[in-house]
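**Q** Following the hints, position chain B against chain A.
Single-letter residue listing:
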Amino acid sequence: MAAKKGAFQRKSGVRSEIPTASMADIAFLLLIFFMVATTFRKEQPRPVVIPEAEATQRTDEKRKNILHVYVETDGSIYINDRLVPSFQVADVVRPEYVKTDRRLVVSLKADRDAAYEYVNAVTEELRRANAVRVLFSTDLERRLARARR
Amino acid sequence: MALLKRKSGVVSEIPTASMADIAFLLLIFFLVTTTFEEEKGLPIVLPEAQAEEVEVPQKNIVHFLIRADGAVVVRRGESITEQVVPYDQIEQIMRFEIANNPNIIAALKTDPKAPYKHMVNVLDELQLAGADRISLQVWEK
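Chains A and B supply the protein sequences, listed in that same order. With the numbering used here applied, the first sequence covers 354 to 502. With the numbering used here applied, the second sequence covers 58 to 198.
Okay, chain A solo, but in the shape it has when bound (with noise of 0.2 Å):
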């Protein structure tokens, strides 16, 4: 086209401005799907340290259907924010396991150096519960750092 110098600039009528008008709609959608989404955890967290694992699974549980159960160093266990002492872990699971219609996991976090009897105490209160699937809480571990096990 033989078109003038300067003439491009005021042929065309289209404004570039980039439409901010809905931005606000795009934000306010993706917040609120945020906020649907998100669940807040039940309990507070107990400080222990669960082993590692090169095995970890992830389970497919609904989050609903999962109990923690928190063994610590001395044996101290703690279910629901409350300790509770080893030979009454059944009768707090047993309601557990009937309100989630027996589709309970417990998911155990027991401290890595937490002595053995400990958790098999817990578990033998699991299984008189009727709880038997169980979840050893581990954390997933790299086979490299197997090596220097």
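Honestly, the hints are just simulated from the structure, not real lab data. There may be inaccurate statements among the hints.
List time: in silico EDC-like cross-link candidates among lysine to aspartate or glutamate, alpha-carbon distance up to 16 Å [said to hold, decoys possible]:
(1) Lys97(B) - Glu470(A)
(2) Lys415(A) - Glu95(B)
(3) Lys170(B) - Glu470(A)
(4) Lys395(A) - Asp189(B)
(5) Lys417(A) - Glu96(B)
(6) Lys395(A) - Glu94(B)
Label pairs and their calculated CB-CB ranges [claimed, not checked]:
(7) Pro169(B) - Pro398(A): 25 to 35 Å
(8) Pro114(B) - Phe386(A): 52 to 62 Å
(9) Arg190(B) - Thr392(A): 28 to 38 Å
(10) Ile137(B) - Leu436(A): 40 to 50 Å
(11) Thr91(B) - Arg456(A): 24 to 34 Å
(12) Val102(B) - Thr392(A): 53 to 63 Å
(13) Asp378(A) - Ser69(B): 29 to 39 Å
(14) Ile137(B) - Asp427(A): 36 to 46 Å
(15) Asn157(B) - Phe440(A): 21 to 31 Å
(16) Leu436(A) - Asn117(B): 36 to 46 Å
(17) Asp492(A) - Arg133(B): 24 to 34 Å
(18) Phe386(A) - Arg133(B): 48 to 58 Å
(19) Glu70(B) - Met388(A): 22 to 32 Å
Computed, partial: chain A to chain B, Cβ under 8 Å [stated by the list, open to error]:
(20) Thr373
(21) Arg465
(22) Glu470
(23) Asn473
(24) Val485
(25) Leu493
No experiment lies behind these values; they were computed from the predicted model shown. Cβ atoms here follow ideal geometry from the backbone N, Cα and C, with glycine treated the same way.
**A** Showing chain B alone in chain A's frame:
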């Protein structure tokens, strides 16, 4: 009335230009504070309390005994020979046992005073070897 309309030059609109900024600020706050807690570990199904005791022939059992200091001893069936094995060989031993006898049961006996991590380490090796018949016990001497 017409006079009144023209008098004021104040724009009677809510300023929406900063709305996006406010929303994104809140969004970023939620993004940062959200932690995805995933449940991961070594799954195992305990035997039920009412389950009757089943007598398993000794030839179908391989014992892994964990001492209080973390040393692992392997004992096959009724044989008396005990063998201390390093952790990195447990997986191979278990694979070998499964290949020989698919019905093999790994009996993991842990000393009551042994730290939990040793038991998890052995359980880890057994699960890596594909063992699905694992029995957890306390080592009563």
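**Q** Let me make sure I understand: some of the numbered hints might not hold for this structure. Which ones are they, in numerical order?
**A** 1, 4, 12, 13, 15
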